[in-house]
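**Student:** Full structure from sequences and hints, please.
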Amino acid sequence: MSSVLDPVVVYGTLFGLTYVLIALGFTLLFGISRVLNLTYGALYMVTAYSVYYFAVQLGFNLLLATALAIGIAVVLGLLVFLLCTKLAPDPMQFLIVTIFIALLLQYLFEYWYPAGVELVPGLVSTQEILILGVSVSPTYIAAGAVALVLLVVLWVWIEWTPYGHTVRATAEDPETAALFGIRVRTVYLVVVAVSSVLVAVAAVLIVPAQEATPQMWIEPFVIAFVVAVIGGLGNFKWTIPAAFMVSYTQFAVVFGFPQTAGAQDIVAFLVAIGFIIVVPRGIGGIGHAT
Amino acid sequence: MLPEGGPRARRAASPLLRTARRTVLSPTYLFAIALIGFVFYAASGSPDSFFAYSMVLASIFITLALAWDFSSGLTGYLNFGLPFFFGLGAFGAGYLSWHGDRVVPELLVFGFAVGLFAGFLFSIPTLRLRGPYFSLLSLLLPIIGTDFVVAFWAQLHLPTEGYYSLPFLYTFWTPVVQSLSPLHLPIQYLATTNAGELLLLSIVNGVLLTGFLLLRGSHFGLVLRGIRDDEDALGSQGIWTFPYKVTAFTLSSGVAAYAGAAYATTVTYSGVDTFQFTFILFPVLIVILGGLGRLSGSVLAGYLVIYLYQYLQPVFSTATLIIFSSIAILLVLFVAGGLERPLRAFIQFMRTPEAG
Amino acid sequence: MTLLEVAGVTRSFGGNRAVDDVSFRMEVDTLAIVGPNGAGKTTLLNLIAGWLHPELGAITFRDQDVTHHPPWRIAQLGMVKTYQVVRPFRTLTVQENLALFGKKRGVADLDRILEVTGLRDVRDHLAGALPFGLLKRLELAKGLAAMPDLLLLDEPIGGLSRAEAQGLVASLTALKSSGVRMVIVEHRLSEILPVVDRVVALDRGRLIFHGTREEFFQDPAVRTAYLGSSDAAG
Numbered sequence: 001m002s003s004v005l006d007p008v009v010v011y012g013t014l015f016g017l018t019y020v021l022i023a024l025g026f027t028l029l030f031g032i033s034r035v036l037n038l039t040y041g042a043l044y045m046v047t048a049y050s051v052y053y054f055a056v057q058l059g060f061n062l063l064l065a066t067a068l069a070i071g072i073a074v075v076l077g078l079l080v081f082l083l084c085t086k087l088a089p090d091p092m093q094f095l096i097v098t099i100f101i102a103l104l105l106q107y108l109f110e111y112w113y114p115a116g117v118e119l120v121p122g123l124v125s126t127q128e129i130l131i132l133g134v135s136v137s138p139t140y141i142a143a144g145a146v147a148l149v150l151l152v153v154l155w156v157w158i159e160w161t162p163y164g165h166t167v168r169a170t171a172e173d174p175e176t177a178a179l180f181g182i183r184v185r186t187v188y189l190v191v192v193a194v195s196s197v198l199v200a201v202a203a204v205l206i207v208p209a210q211e212a213t214p215q216m217w218i219e220p221f222v223i224a225f226v227v228a229v230i231g232g233l234g235n236f237k238w239t240i241p242a243a244f245m246v247s248y249t250q251f252a253v254v255f256g257f258p259q260t261a262g263a264q265d266i267v268a269f270l271v272a273i274g275f276i277i278v279v280p281r282g283i284g285g286i287g288h289a290t
Numbered sequence: 001m002l003p004e005g006g007p008r009a010r011r012a013a014s015p016l017l018r019t020a021r022r023t024v025l026s027p028t029y030l031f032a033i034a035l036i037g038f039v040f041y042a043a044s045g046s047p048d049s050f051f052a053y054s055m056v057l058a059s060i061f062i063t064l065a066l067a068w069d070f071s072s073g074l075t076g077y078l079n080f081g082l083p084f085f086f087g088l089g090a091f092g093a094g095y096l097s098w099h100g101d102r103v104v105p106e107l108l109v110f111g112f113a114v115g116l117f118a119g120f121l122f123s124i125p126t127l128r129l130r131g132p133y134f135s136l137l138s139l140l141l142p143i144i145g146t147d148f149v150v151a152f153w154a155q156l157h158l159p160t161e162g163y164y165s166l167p168f169l170y171t172f173w174t175p176v177v178q179s180l181s182p183l184h185l186p187i188q189y190l191a192t193t194n195a196g197e198l199l200l201l202s203i204v205n206g207v208l209l210t211g212f213l214l215l216r217g218s219h220f221g222l223v224l225r226g227i228r229d230d231e232d233a234l235g236s237q238g239i240w241t242f243p244y245k246v247t248a249f250t251l252s253s254g255v256a257a258y259a260g261a262a263y264a265t266t267v268t269y270s271g272v273d274t275f276q277f278t279f280i281l282f283p284v285l286i287v288i289l290g291g292l293g294r295l296s297g298s299v300l301a302g303y304l305v306i307y308l309y310q311y312l313q314p315v316f317s318t319a320t321l322i323i324f325s326s327i328a329i330l331l332v333l334f335v336a337g338g339l340e341r342p343l344r345a346f347i348q349f350m351r352t353p354e355a356g
Numbered sequence: 001m002t003l004l005e006v007a008g009v010t011r012s013f014g015g016n017r018a019v020d021d022v023s024f025r026m027e028v029d030t031l032a033i034v035g036p037n038g039a040g041k042t043t044l045l046n047l048i049a050g051w052l053h054p055e056l057g058a059i060t061f062r063d064q065d066v067t068h069h070p071p072w073r074i075a076q077l078g079m080v081k082t083y084q085v086v087r088p089f090r091t092l093t094v095q096e097n098l099a100l101f102g103k104k105r106g107v108a109d110l111d112r113i114l115e116v117t118g119l120r121d122v123r124d125h126l127a128g129a130l131p132f133g134l135l136k137r138l139e140l141a142k143g144l145a146a147m148p149d150l151l152l153l154d155e156p157i158g159g160l161s162r163a164e165a166q167g168l169v170a171s172l173t174a175l176k177s178s179g180v181r182m183v184i185v186e187h188r189l190s191e192i193l194p195v196v197d198r199v200v201a202l203d204r205g206r207l208i209f210h211g212t213r214e215e216f217f218q219d220p221a222v223r224t225a226y227l228g229s230s231d232a233a234g
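Residue numbers (this note's numbering), protein chains in the order written: chain A, 1 to 290; chain B, 1 to 356; chain C, 1 to 234.
It should be emphasised that the hints constitute simulated quantities derived from the structure, not laboratory data.
Where a beta carbon is used, it is the ideal one built from N, C-alpha and C, also for glycine.
Mixed in with the good hints, there may be bad ones.
As the list claims (entries may be wrong) - Ranges between beta-carbon positions, derived for each pair:
{"#": "1", "chain 1": "C", "residue 1": "A174", "chain 2": "B", "residue 2": "L121", "range": "38 to 44 angstroms"}
{"#": "2", "chain 1": "B", "residue 1": "D273", "chain 2": "A", "residue 2": "P138", "range": "37 to 43 angstroms"}
{"#": "3", "chain 1": "C", "residue 1": "R120", "chain 2": "B", "residue 2": "S26", "range": "21 to 27 angstroms"}
{"#": "4", "chain 1": "C", "residue 1": "S12", "chain 2": "A", "residue 2": "R185", "range": "34 to 40 angstroms"}
**Tutor:** Spelled out as structure tokens, the structure:
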């Protein structure tokens with residue numbers, strides 16, 4: 001039993017931390033705008049390719065390449081947000097535009113990288129380390145560590161700093177926040193930037209473990225929707241346990257039933273559907289329609 | 001309570017008849033039907049040409065657009081899972097054809113049925129959630145489809161990552177042509193060329209358009225539109241919206257799957273590429289261009305968009321999709337009402353007499 | 001048969017008891033629920049209509065327990081609530097707004113509703129284009145189209161000018177005489193009084209008065225709540 005459980009625990013925890021980044025970024029974004037933004041996933045993909053472009057194609061230092069890539073993601077996220085809120089205020093229009101943008105980016109990268117798959121270099125050497133009897137690549141451990149640090153920083157910011165409180169209040173109730181004189185527009189921009197950073201960092205951390213493809217903009221949503229279904233979007237409390245639930249389940253399937261490799265998304269999807277059927281209102285209350 | 005309606009009420013025409021009359025006599029509907037007929041007529045002049053094939057492809061996308069517009073366009077619940085049902089229909093047709101000698105009608109009906117069933121199964125848990133959650137879940141469906149086939153095609157005894165050797169769609173007309181041969185009508189080409197495929201697809205599109213418009217004009221359609229405006233307000237006055245949504249999306253999934261089966265028989269292959277997001281990009285683009293929720297507009301928009309794509313594709317190859325997604329973005333951002341408003345403004349402008 | 005019975009209904013939000021052990025019965029008379037701001041009137045109405053569920057107590061409509069029914073089921077049973085902040089279906093015409101709910105009714109009945117609520121001339125206008133006064137009338141008309149046995153009106157004249165309010169109250173009076181039963185939550189008591197028979201008064205979630213319209217103005221508890229005075233005389 002423990003021979004299967006150990007890798008699940010180790011990998012599930014390490015990857016779970018990065019999933020939390022993705023889930024939190026998305027929750028923040030949805031919480032404040034109440035509209036789905038499908039370019040969030042595209043930022044994930046763009047960051048991965050940007051790292052490749054700067055580090056491999058241009059030969060920059062890896063850390064510099066990473067920083068530039070994250071910067072690009074933030075700029076792109078802000079640009080899309082500004083453009084779309086100005087020109088497509090209707091939620092339906094907004095959602096449609098964001099998927100078109102995500103597809104545009106997919107096609108763009110399919111055009112630039114017709115070979116399709118590029119391996120994005122990891123940030124550390126690839127000599128494996130033993131944890132709980134499981135040999136793990138240092139890339140994953142570093143990923144987990146960075147994610148943890150970032151999460152702590154984020155938590156401290158939201159819980160303990162005045163501006164963090166402002167952000168949280170605005171995310172929960174923009175109208176009332178505006179009444180109190182909070183510049184809601186500015187807060188929105190900050191949230192967009194922060195969530196872009198979160199998803200970009202997640203890309204930088206996870207992607208070396210996998211391969212970059214232009215279609216990967218969907219990946220963050222696999223995590224996001226399970227989290228949404230379990231805890232509801234805009235509900236921070238359940239975001240973290242839900243993100244771990246996804247990663248543990250995925251790795252349980254991968255290690256328990258090796259022949260199903262490549263079907264993690266299906267598993268996540270079925271978990272989510274099963275959840276809705278059993279707990280229709282979700283644990284956190286997911287906006288059950290009449 | 002308020003008194004019952006008197007003799008006046010009983011003499012009023014039945015609502016169904018009134019809706020039917022209103023639908024059929026609407027100029028946009030008549031234009032769309034005439035256009036469908038005209039396109040077929042034009043294509044039958046050169047039945048195997050590039051134009052004819054483009055119109056075949058366009059017709060399939062129009063079917064998808066109609067299905068999407070009827071469900072998502074009316075209710076506001078944006079369904080991005082359309083490619084999944086499209087692919088499901090294609091694979092259903094492929095499966096049936098691979099395991100026996102099948103004629104086209106069987107494949108199309110089977111595809112439709114598979115789509116209905118899958119659509120119903122998917123709708124039940126997901127349509128209890130609000131719009132954004134539903135959209136997010138539907139986004140995952142095409143990926144599920146692709147992953148499933150790629151991961152399990154060997155276990156499922158597929159010949160490759162898909163089925164091949166499906167019968168051609170135009171063989172639908174073979175029995176008809178044969179039984180009418182004593183009359184010596186010049187209709188042989190229907191059973192052997194793209195024009196024949198176009199005829200079948202056009203007839204179905206005409207029927208679908210009519211059916212969807214009738215539904216849209218009925219109380220059922222009114223509720224769907226009400227859902228887009230204010231779903232809770234419907235509830236507070238006694239309407240449980242869930243069965244309406246499920247019906248609309250089940251229907252739409254069935255139609256999308258039929259389109260997939262039809263597509264598979266035009267290319268005689270059903271593969272993983274039928275789950276691509278291209279099969280949501282173009283239908284939504286067509287619907288936006290034709291007017292969200294308007295249905296009839298998708299016909300003209302469909303022919304235009306796909307013909308343009310077919311025309312540009314040899315020139316720009318893989319960059320064509322980049323062009324079209326850019327056009328789609330610009331369209332949504334700047335021309336929210338589709339072509340209708342600028343077109344009307346243009347007509348108005350042309351009609352205005354010169355000053356002075 | 002008692003049309004509506006509210007028994008011991010309690011509902012809190014956080015630590016605050018919005019509705020506190022409220023009980024009353026309603027038969028045929030038009031009932032007004034009044035009270036100062038924050039008294040719990042709208043919460044009580046939402047509880048009755050099924051948008052909220054009470055923590056304690058029960059709500060019975062025509063001898064059926066509807067305490068935990070979803071709102072659409074309660075509306076189908078015959079108790080329909082209209083909104084204080086109007087919620088028209090903006091992309092539909094006035095006629096279509098009513099046709100949504102008039103499934104059991106023929107065309108003639110919708111005509112009558114349009115007539116009584118003064119909307120006949122705008123029946124083919126888009127609801128989204130109507131001025132506020134007509135939207136309030138549309139809200140009432142929608143409620144009627146659902147063929148309710150009991151209509152719950154949440155501030156039907158809220159935001160209307162004096163003249164507009166008079167017109168709407170006249171419509172309510174006409175409806176009342178044709179047999180429509182109503183519960184009206186309203187702030188602007190004096191203007192709604194002509195159509196009201198009985199009054200339930202709330203103060204800070206508790207029921208402080210239930211009686212006829214005439215008795216209402218004499219009641220000492222009511223005077224204290226509204227006027228802050230312990231003077232029991234007229």
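**Student:** So, for every hint listed, does it hold in this structure?
**Tutor:** Verification of the hints:
Between A174 of chain C and L121 of chain B the beta carbons are some 50 angstroms apart, a value that contradicts the proposed interval 38 to 44 angstroms. Between D273 of chain B and P138 of chain A the beta carbons are some 38 angstroms apart, a value that agrees with the proposed interval 37 to 43 angstroms. Between R120 of chain C and S26 of chain B the CB atoms are about 25 angstroms apart, so this pair conforms to the stated range of 21 to 27 angstroms. Under the hint 34 to 40 angstroms, the C-beta atoms of S12 of chain C and R185 of chain A, about 36 angstroms apart, fit the expected range.
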